[in-house]
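*Asks:* What follows is each chain in one-letter form.
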Amino acid sequence: MISGILQYEFLQNAFLSGIIIGAIAPLLGVFIVVRRLSLIADALSHVTLAGIAASLFLGKYSTFFLGLNPMYMGMAFSVGGAVLIEKLRTVYKHYQELAIPIILSGGIGLGVIFISLADGFNTDLFSYLFGSVSAVSRADLWTIIIISLFVVLTVVLIYKELFLLSFDEEYAKATGIAAKSIHFIFIVMVALVIAASMRIVGILLVSSLMTLPVAASIRIARGFKQTILFSVIFGEASVLGGLFLSYYLDLAPGGTIVMIAVLILILTVLLKKLVSGRAV
Amino acid sequence: MKNNLPIIELNHIYYRYDRENVLEDVSLRIEKGAFLGIVGPNGSGKSTLLKLILGLIKPQKGTIKLFGEEIKHFRDQQKIGFVSQKANSFNSGFPATVYEVVASGLTKKMGLFRFLRKQDEDKIVKVIKSVGMQQFMNRNIGELSGGQQQRVFIARALVSEPELLILDEPTVGVDAENVQSFYEMLEDLNQTGITLLLVTHDIGAISDKVTNVACLNKGLFFHGTSSEFEEQKIKGISEIYGHDVHLLSHEHHEGAHT
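Protein chains in written order, with my numbering: chain A, 3 to 282; chain B, 770 to 1027.
By construction, these hints were calculated from the structure, which means they are not laboratory data. Keep in mind it's a predicted model, so treat the numbers as computed, not measured. For glycine and all other residues, C-beta sits at the position ideal for the given N, C-alpha and C.
Now the in silico label distances, taken between C-beta atoms and shown as ranges:
1) B:891 - A:6: 46 to 56 Å
2) A:151 - B:781: 47 to 57 Å
3) A:171 - B:906: 22 to 32 Å
4) A:276 - B:907: 16 to 26 Å
5) A:97 - B:941: 25 to 35 Å
6) A:264 - B:942: 34 to 44 Å
7) B:862 - A:103: 20 to 30 Å
8) A:103 - B:942: 27 to 37 Å
9) B:907 - A:64: 51 to 61 Å
10) A:151 - B:942: 40 to 50 Å
Put together the whole structure using the sequences plus the hints.
*Replies:* Shown next as structure tokens:
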């Protein structure tokens, strides 16, 4: 496989993008999980699907959209969906979680309409649903690299504000930090990372890469920085393990990656039980 | 700064949620170095008053000045430390160490795009020591008892070296034994020159600790020194609560029986 990576561009694209996504999806995932926003990733991934379907549909009629990477339209829809979720959360102050199913079902509804208008599923759309690492182009890889640089730099620069907002929102507001702007930047980053991750694990599985490594990490980590570190390690292990296994066993990469993440989660839960059992 | 300069000035504050008045014509001055206890029953507007002072909500009528400045122009939030009702404000499963939580108290003071320097790290360790939590520095906050968590939150509020410390029902969920030492710690802080504003429904517990008392029940019913409060407490407090109350001495740690 190593020689294959050196030889074939599509394998290089797949591995490099996998390594990047394996780190940034759990990095943002930590903030999503501790803020109890785990379902936001699901809602936004379905909105991304609507964007991709819209791009494929428009591609039938316009040469501009035919030449445009559907990922960009998916990204635009995802960011739009994130903004709408925020608006809805202020409309339904007492039922803030309602924003997520509203956007999720709206995304699927719109996606299905565009898919039917574009004459149903084709292999391209299927690859977005379940991920298709072999379909990652050099252009996709560059987009993923740019998004990751933006995300990592932003998280480093506003880390202490993001931490405070996640830990204690009321206190954060009382201290006078720009809570609304910070939250908005955060949600836009989530939307971008979801759109970037879908090539690897697919729209239906993208939230798993943001939550499963964090769910495992939170069981055993001490402190927030360690939680981030373990989450990224587990994310990388899942992606790399999944890509290798799927290559040799001829399995679907997206599914294999997610199942390795589930396996890691089960192992950490068991390990924690074993250790705390001994302590007692 | 002169000693009698008001740190908080509320002038004829009115606040209503929906159609119900929560605060009516509340005027209050808190001077530098005071230890003011605001007491009142549940629903008396205590938490609303704090939210107004913290700038989380705006009054429909009246003006608020902090450190002599209109609240809408006030930008020195690091001068104010805030300890909220622990139970409501944080997720106890949050994976953060005591050190990380206390460090987050420096967020506003440091400003955007700044990182902790050596002297900040020393300050964090020092303040954790000052609340007696040094042996728990690297433990996750969720693993601590209610009283220990509250000490951590005090440390978080103190790390930015505030001139005013606001505490909202800080002893809820703290066992009686620790409540006593908790109040002793607050008295020590007050001795160092920090102005304290404590909101509680636990009248008995605070009247011998604070220097000033304000009784709130939508309007302000009493505001004076704690010895004046002691003199007319039964009558005054009965009025506020709308029925008889019997104060217990602080040793019982039960507060007012209503």
